[in-house]
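One letter stands for each residue in the lines below.
Number of protein chains: 2
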Amino acid sequence: MTTPAPSKLALVPFVSVENMMRIVNTIGPARMIAEIAGYIEADFLRWDQFDKTPRVASHSKEGVIELMPTSDGETYGFKYVNGHPANMARGFQTVTAFGVLARVDNGYPVLLSEMTILTALRTAATSAVAAKHLAPRDAKTMAMIGNGAQCEFQAIAFREVVGIDTVQLYDVDPEATAKAVRNLAGSGLQVIACDSSEDAVAGAQIVTTCTADKQYATILTDNMVGPGIHINAIGGDCPGKTELHRDILLRSDIFVEYPPQTRIEGEIQQLDEDHPVVELWQVISGNHKGRVSDSQITLFDSVGFATEDFSALRYVRDQLDRTGCYVELDMLADPDDPRDLFGMVRRAKEKS
Amino acid sequence: MTTPAPSKLALVPFVSVENMMRIVNTIGPARMIAEIAGYIEADFLRWDQFDKTPRVASHSKEGVIELMPTSDGETYGFKYVNGHPANMARGFQTVTAFGVLARVDNGYPVLLSEMTILTALRTAATSAVAAKHLAPRDAKTMAMIGNGAQCEFQAIAFREVVGIDTVQLYDVDPEATAKAVRNLAGSGLQVIACDSSEDAVAGAQIVTTCTADKQYATILTDNMVGPGIHINAIGGDCPGKTELHRDILLRSDIFVEYPPQTRIEGEIQQLDEDHPVVELWQVISGNHKGRVSDSQITLFDSVGFATEDFSALRYVRDQLDRTGCYVELDMLADPDDPRDLFGMVRRAKEKS
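As you go down the protein sequences, you meet chains B and S in turn. Counting from 223, one number per residue, gives the positions in the first sequence under the working numbering. Counting from 223, one number per residue, gives the positions in the second sequence under the working numbering.
If you're looking for bench data, these hints aren't it; they were derived computationally from the structure. One or more hints might be untrue.
Note: identical chains are not told apart, hence a pair may lie in one copy or across any two.
Computed cross-link-like contacts, DSBU-like style, restricted to lysine-lysine with a CA-CA straight-line distance of at most 35 Å [claimed, not checked]:
hint : residue 1 : residue 2
1    : K354      : K511
2    : K354      : K571
3    : K511      : K573
4    : K274      : K573
5    : K230      : K283
6    : K274      : K571
7    : K274      : K354
8    : K362      : K511
9    : K571      : K230
10   : K362      : K573
11   : K362      : K571
12   : K230      : K354
13   : K230      : K573
14   : K283      : K362
15   : K511      : K274
16   : K571      : K283
17   : K511      : K230
Please read these numbers as outputs of a predicted model, since none were measured by experiment.
Can you build the whole structure from these sequences, using the hints too?
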C-alpha cells in the first residue's frame, strides 16, 4: 500500500553510522576533530546562554543509561548514551549513543544522528581544547593509559590541536595496544607500545587516562606523576568509577566542565564537596588563568557534558549540505490541519 | 560508495509515521486503543517496579520540550515530546513526539518510534482506564470540551473501554467541532455538536476537557459541574496551564498518575501542596477505592506519565513481527572488535 509523501515538515534528517563514517572519511578524522573543537570552544565562550543540568541517569547493576539535554535558547539538543563496562566481553560496545537537535521555537526535531562515533570525536576534541589551555606549551609526548575505543581519537586530536608528536601507549590487554599501534600507523605520530603504565608516563608532558572499569581503580599512583604534567582524565565518568589516586588530586589544580555533574561523576567524587575547582569555560574565556607555572600539575577531570554533544551535533548539522551524508526520516506526524491527527490516520487507510 | 552491511547488533527497528498509521489501520484504532489500555493497566499493576521521575523539561517563552524516562529494570524507555500552544496557528502540531526502548542489561536501543500518533492513542487509553475505574457505572454520555487533535481518540477510547454511546462536543472554534463530527461519523457514537460548553455538559456523566491554551483558563466553572460526574481533565499539563476552576477541585476526589509531577503540572497546582490525592495505580490495584457514591465528583487530573509511554512503546514493539510495519536503522556503531571503533571508521573508507 502507498500513501502520499509526507510533508517536508514531517521529515527529520538522520545520520546513520554509515553516513557518519562517510562524513568522517570525507572530511578526515583529524580535520573533523579540529573543527568540532572549534565549535566546542565557541560554545564554551557563550556558556551563560546554555540551560545546564546534570545528566539524567538510570543506573542498573550492569551499567547506566543517560539523557543529556541542553539548550541555547534557540536550539535544543540531547544525547542518549549508555555505559556498560561488561559489554565489551559480550561483544557489545561499552558506550553507544545517539542524539537529537530541535528548534526551541516550535519543538520540532531538526537532526537525529548516531553519536557513538560522534561522541568519540567530541570527547577527543574536548580533551584537546582543555589541553591547549592547560598543558605545558612545549608538550610533545603524551602517555595514554587505556587503549580502548577512545584511544586513537585522543591521539589524533592531541596531534592536530595541541601539537604532540609522540604517544606512549599502555593497556592491561596488549591486544588493545597492538590495535592502537596498527590504527595510528600513518597518523604522523611516533607510536610507542609500553609494557607498563610507568614506562608509558616516563618523559610524557601529558598523561591521558582512559579505562572503562566501573569501580574505584588506581590507574595512576602518586609517584608516577611528576611536576609540570597535564593529566587528561576521561575514564572516570560515573559514581564509583575513578582512575586516579586521591593524592594526585590534592597536588593538582583541577579543571572541570560543569561542577554539579563532575562532583557526582568525576575524579573529584573522592574529594570534599567544596574542594576548589575551576570551570573550563572560565579558562577558555580568559576569566581565569589556566597553567601558571612549569611545576604545576593541571588535571582536566572530564566526564563529558551536554554542551559538548550540542556543539558536535551543531557541527554535524552544518555538514549535511556540504556532504549530503544523510537520509530523511518520516518521524513527525504533520497533518494538513494540525488539529486533524485522527483524520490524517484515517485518510492514510483510504488512500492505501 | 558502498560499505558492508552493518551487523544485526547495529540495527534498531524504526516505526515511522507512515508505518504507525499502517499499524493503527491494520489493527483498527478502537481495538488498538483498547489493547494499549491493557498494557497501561498491566504496568500500573506493577508500579513499584518502575524507576519514576518527573519529566525533565526545558521551558521557553514559546513552549516546552520534555524528556520522559522510565525503566522497569529490564527495559528502559523515554519519550521526547514538545508542547507549543502557538504552533497550530503557524501550521505546526502543538505536540510532536518520538520515543525509544532500550535493553537495561546492555544499554542498546531496541525500538525507535514516532510518538505523535502513539501519544494520542496512549493518552486516550489512559483516560479510558481511569474512567473505567472512576466514572459512574452506567455512563453513556461524555461531554468533550476542546475538539483538537486528541478529541476523536478520546471519544473512541471511551466507547470501546468505558461503553459510552454519545459524545457532546464543544470548541471555541466551530471548525474544530465540525472536523471531529466528520471524523467520528461511522464510529458507532451518537455525535452532537453543541454551541456552548454548558450545552455540552448538560446530561453528561463524563466531562473531558482537552484544550491547549498555555495559561490559567477556566474551561469549566463550578456551576457547570453537578454531583456524580467524572471529570477527565487532560489539557492542564504544564506549569501555568490549567482548565478547571479551583472550586471544582475542592468539591472533587482527585486521582493522579504521579503526584510529584502532577503537583507541578496538573490542575492541582492551584491547590495546597499537601491537598490529598489518590494515585491511579492504587485504584487499579484495588488498594484504594475509586468511586464510592453516586453523588461523588471524581476528577482524573491527567498530565501524562512516562510509564504510559513505556506501555505504549512496549505494545508497539510487540506488534512489529505481527504487522511488519517498520524498517531497520543503522543507528549503533558496532565494530567487530568493540574497542576498534577507529579501525571500523578507517576500514569503511578503504572499502568504499
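Here is what the structure says about each hint:
1. K354 x K511: within (13 Å within a copy, 65 Å between copies)
2. K354 x K571: Close across copies (30 Å), not inside one copy (59 Å); limit 35 Å.
3. K511 x K573: neither (66 Å within a copy, 47 Å between copies)
4. K274 x K573: Neither: 46 Å inside a copy, 41 Å across copies.
5. K230 x K283: between (43 Å within a copy, 25 Å between copies)
6. K274 x K571: Classified as neither; 44 Å inside a copy, 37 Å across copies.
7. K274 x K354: For K274 and K354, the Cα distance is within 35 Å only inside one copy (24 Å; across copies 42 Å).
8. K362 x K511: Classified as within; 22 Å inside a copy, 72 Å across copies.
9. K571 x K230: Answer is both: 21 Å inside a copy and 32 Å across each meet the 35 Å cutoff.
10. K362 x K573: Answer is between; shortest inter-copy Cα gap is 33 Å, intra-copy 66 Å.
11. K362 x K571: Classified as between: cross-chain Cα gap 29 Å, same-chain 65 Å, threshold 35 Å.
12. K230 x K354: neither (42 Å within a copy, 40 Å between copies)
13. K230 x K573: Cα proximity of K230 and K573: in one copy and across copies (19 Å, 34 Å).
14. K283 x K362: Answer is neither; intra-copy 40 Å and inter-copy 49 Å both fail.
15. K511 x K274: within (23 Å within a copy, 42 Å between copies)
16. K571 x K283: Neither. Shortest intra-copy (45 Å) and inter-copy (38 Å) distances fail the 35 Å Cα cut-off.
17. K511 x K230: For K511 and K230, neither the intra-copy (48 Å) nor the inter-copy (49 Å) Cα distance is at most 35 Å.
This entry does not satisfy hints 3, 4, 6, 12, 14, 16 and 17, going by the numbered hints stated previously.
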